Structures are given as structure tokens and as C-alpha cells.
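Asks: Here are the chains, one letter per residue:
Protein chains: 2
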Amino acid sequence: MAGAAALVMLRARDVAREIDAAFDHLLAMPGDPRDRLYAAMRHAAIGGGKRLRPLLVQAASDLFNISRDSALRVGLAIECIHVYSLIHDDLPAMDDDDMRRGKPTVHKAFDEATAILAGDCLHDLAFQILSDEETHPDPFVRIELVQALALASGPAGMAGGQMMDLEAEKTRFDLATVTRLQNLKTGALIAVCVEAAAIMARLPAEARLRLHGYARDIGLAFQIADDLLDVEGDATLAGKALGKDAAAGKETFVSLLGVDRAREQAHMLVDQAKAHLHGHGAEADLLRAIADYIVERDR
Amino acid sequence: MAGAAALVMLRARDVAREIDAAFDHLLAMPGDPRDRLYAAMRHAAIGGGKRLRPLLVQAASDLFNISRDSALRVGLAIECIHVYSLIHDDLPAMDDDDMRRGKPTVHKAFDEATAILAGDCLHDLAFQILSDEETHPDPFVRIELVQALALASGPAGMAGGQMMDLEAEKTRFDLATVTRLQNLKTGALIAVCVEAAAIMARLPAEARLRLHGYARDIGLAFQIADDLLDVEGDATLAGKALGKDAAAGKETFVSLLGVDRAREQAHMLVDQAKAHLHGHGAEADLLRAIADYIVERDR
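Protein chains in written order, with the numbering used here: chain A, 1 to 299; chain B, 1 to 299.
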């Protein structure tokens, strides 16, 4: 485990630096009345976060010798979606959070209108990046990336899961419904990181299924680990408020399974995720290490 | 003019019916905890609006014998962006509007969180539609459509213009800045309707420029007409509150030019728009009629 954590940390640090530099370039201040909008996007996008999604794109790209540039740009696009979703989820009308990644949330540092627009703009930038030929020379690949990301982030993915999450405050969901909720809310965007590498590698459908299994398992393990951190974690390390689900009366993996069974379940999913990588050698080491890291992290 | 209005009305009625049917199909209720999200999207998307953008895609597609299905799906995607932008712009933190198209706005009929998510989902659905091969068989065309729409709706287009509009309440903009604001806020999405037809027709760059001139001119004329309606129009016909810009202390074409010169300017732009269509015959009649209609409409 120590080796796995070290491998993840090393690559994660590189990816974080590259993503920060890419956002810095993408979000250069225009020097006109849109400056406040760009400042808000920069506040949310630069300097912070685990960059798990871009790291996953890199790790899955390791399997297929995909160019580092392509993997970086795809990771950047997916991170745009992730950051936009955090900005909107933090809004007073949604989860009403004041802190994110150890900084004031965008609507706190700026205002609500600017936060809504900053989210909307990052949402567009994701598709602008993917459709650009710099991302991949093959238009078949680019259009498939667009389709996969639009599906993963829309009503059949992330945003649909967020809606279920809002409804979870009103109804008591059972384990199957909470699992579905999390598969949409966080699982879909994590899965698309791995799927994107498969698309760029023009992998046949069958080979994609196994990779998809890996992604689905770590996505769920990630969410269970998040639920455990929400109960047992350190708010300072997390850089955001904890214990909110219990306060809102929402069912989580921990409330439904208890701490011990939830932890067991997460470890079982990680083993299962790694089993999907049988047949791969050292080129899958980062994917394996990420799976381990996901349940061992402290934030 | 009467003939032009009749031609526009006739085609607009057909397009409106087709767009409503397409939204009805696209937004079929899932029968799960996301029902409220879909109900909110249906509330905003079905039954209402002039459907000017889908009509423009059809009109520009008339020039190049583009399949009616392709034009309809592209119009639907652009209308998804338009509807999402109305939902977000109406939010209390933005323009704080209670009525839209003669109905309560989404956050009034549902709630703010649902409105934010409904907008976000329609935003994704636009790119889902464009990336689907049903929209166009050629992936080069599809990816170019995605790129054009992402540009037109993001920080260099519609959303950037909306940010400038928010800043307009704090500063006094001059005519050049108001023109730029409107070119971004409404012009970019109107222009992409015409540009999309040029992309589907695989038109060379030079021929695209003239069409772009048409689109830029009617986009600006449309906004001047909107400013005139905001001052002189009938709120019942408009289905929304009027006179809001003056109340917010924002400069508009009417406040900067006066009613008479603003109206002159709009008519001049319409003439100029039609001049860009020289060389085209009857196949451009709908584009010409739309240009006339834009400054003659009463809502």
C-alpha cells in the first residue's frame, strides 16, 4: 500500500501541475467586462482538488500508448465538467456550501449570478476542448468523446444523480436506489475517464466492457470512501464541511450498511476492480494503485 | 411585408410543432426519482416561444438542400441551449423573472435547485443531440457543429454576453460596448443557426462569410427590436415583464440612440442582411422574410 500511495502521489502531483497550467492558459483574463467571470472560473479551477479524473485518464491511457497531450486535454475537459458541477452544487439553492478545497466557494468569493455563469462557461469549455482537433486528430474519436461526456454529465449521468440526491432529502432511499444515485452522480464521470482512453485507443466493444467494470467498481468504492470520510474524516484536511448528509437526513452507504460493512464493501469493490485488470502487466500499475488509494485516502 | 409575415408564420408554425414533438420524445418521463427534473425541463421546453432559432436553421438549410431531419435536430440542439439560458437567466440571482412565455418561470413552478439542474441538463442534451450520428452521417460535420455551438454558447459567446449584461447594471456602457454585449449575448446563438447550415453544406470559407454577415445583421436587428419592445411593447403579448432594463439603469440601443434612430438602425440592418443574400433566388425567400419579420413583430 505504501508503494501504491507513493506511485499515485507522484503521478498525481505531475498531473495537478499540468492541469493547473492548462487552466491558466485556457482561462487567460480577457481584459474586458467579462474579467469577473474569468476570475471566478480561475478561482474554482486552478490550485486545488485531487485531480483524480485527469489522473485516471492518464492511468488508463498508459495501457494503450496514447499521447500524453491527448490524455491531458481529455482530462482537462472532464475536469471542466467536474469543477462546473462543484460550483453549481455548492450554490445556496443546492447544497449551500461556503468552503470548497479550503477556499470560499465561488458564490461566496464572488456572487451567485457569477457562480452560475462560471459553471455554465466551464460546461461549454469542456466541449470546446474535446471538439478541437488538437485533442485528437481523428474526428470519429473526437465526436465519440463528446457523446460519452455529454451522456456522463447530463440527466442520464451526473446531473440526474444530483437531482436524485436532492430528492433523497425528502424520501428514504433503499440501498439499490442509493447505489443507482451514486453511480449517476459520481460514477458516470469517473467511468468516462477510463472510457475516454478506450475510445482514443479505438478498443473493440468487448475489451471496453472489462475496463468499464474497473471504472464502475472504483467509482462506487470512491463514493463509499467519501461517505466514510463524511462520518469519520477531518474537515480541515477535506477543505469542506463534513457530516452534512446525516444532518440532512439522507441515506448513505454508511447509514444503510454501518461503518464496518461499508468499509468491507469498499475493499471488496477495489479487489474486484483490480481483477478486471488481469492480463495487463506493469502498464496497469497506476490503475491498480489508484484503486487502492481511493479507499485509503484521508481526504 | 404582409406576404413575408405570412410566409414566416406558416413555416414557424410547422417548425414549432416539430420542435414540440421532438422535445416531447427527448424528454420522456423516466419514471424514477428524476421525474421532477424531467417535468421541469418539459415545462420550459415544450409549448412556447417563437422557435426563431430552429426556424433560422431550416431557412438557411433551404439554400443547400439539407435534409429536413438534420436541420430539425440541429435546430433542436440550439433550442436546448436557448431554453437552458432562459431558465438560468430567469433565476433570482440573475434577472429574477417570474414569468416567461406566459407561464411561471421554472424556479417559480418548481424550485431554484431544480431550475439550475434542468438548465444544466438541457445544456448537455444539446451536445448529445449534435454528437449523435442521426443528426448527420459525417463525423467531420458533427464535430464542427459541436465546436461551433460550444463557442457560441460559452464565455466567448452567449454566457460571456450575459456576464457583460450583469456588469451593465454597475457601469455605463457606450454604444460600442452595448453592441459587443448583444453580439455575444444573443447574436452568437442566432449566428450559429445559419453557420450550422453552412457547416452541413460543407460550404467553403468565403461563402460562409456572406451568410455570417446576414446572421450578424439580423442578430443585432433582433436585439434592437427587443429593446424597442421593452419600451413600447405589450407585456401580455410578450408573456414576460417589460421595461426592466430602464428600471435597472442599463444602457440599451434605445437609451443610447433614442426610439427613432434605434428603429432606423434596425431597418438599415435588415436591408443590409438581405443584401448579403444577393445571388440567391426563391430558396432564400424565408431568410429574407425572417429578416423583415424580426423588426416588425409585436412580441
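Mixed in with the good hints, there may be bad ones.
Remember, identical chains collapse to one label, so a pair may be satisfied in a single copy or spanning two.
[As the list claims (entries may be wrong)] No farther apart than 16 Å at their CA atoms in a straight line, the calculated lysine to aspartate or glutamate pairs in the EDC-like style are these:
(1) K244 with E133
(2) K170 with D32
(3) K108 with D97
(4) K170 with D111
(5) K108 with D62
(6) K50 with D298
(7) K103 with E264
(8) K170 with D69
Keep in mind the hints are simulated off the structure, nothing from the lab. None of the values given here were measured: they were computed from a predicted structure.
Asks: Which numbered hints does this structure break?
Replies: 1, 5, 7 and 8
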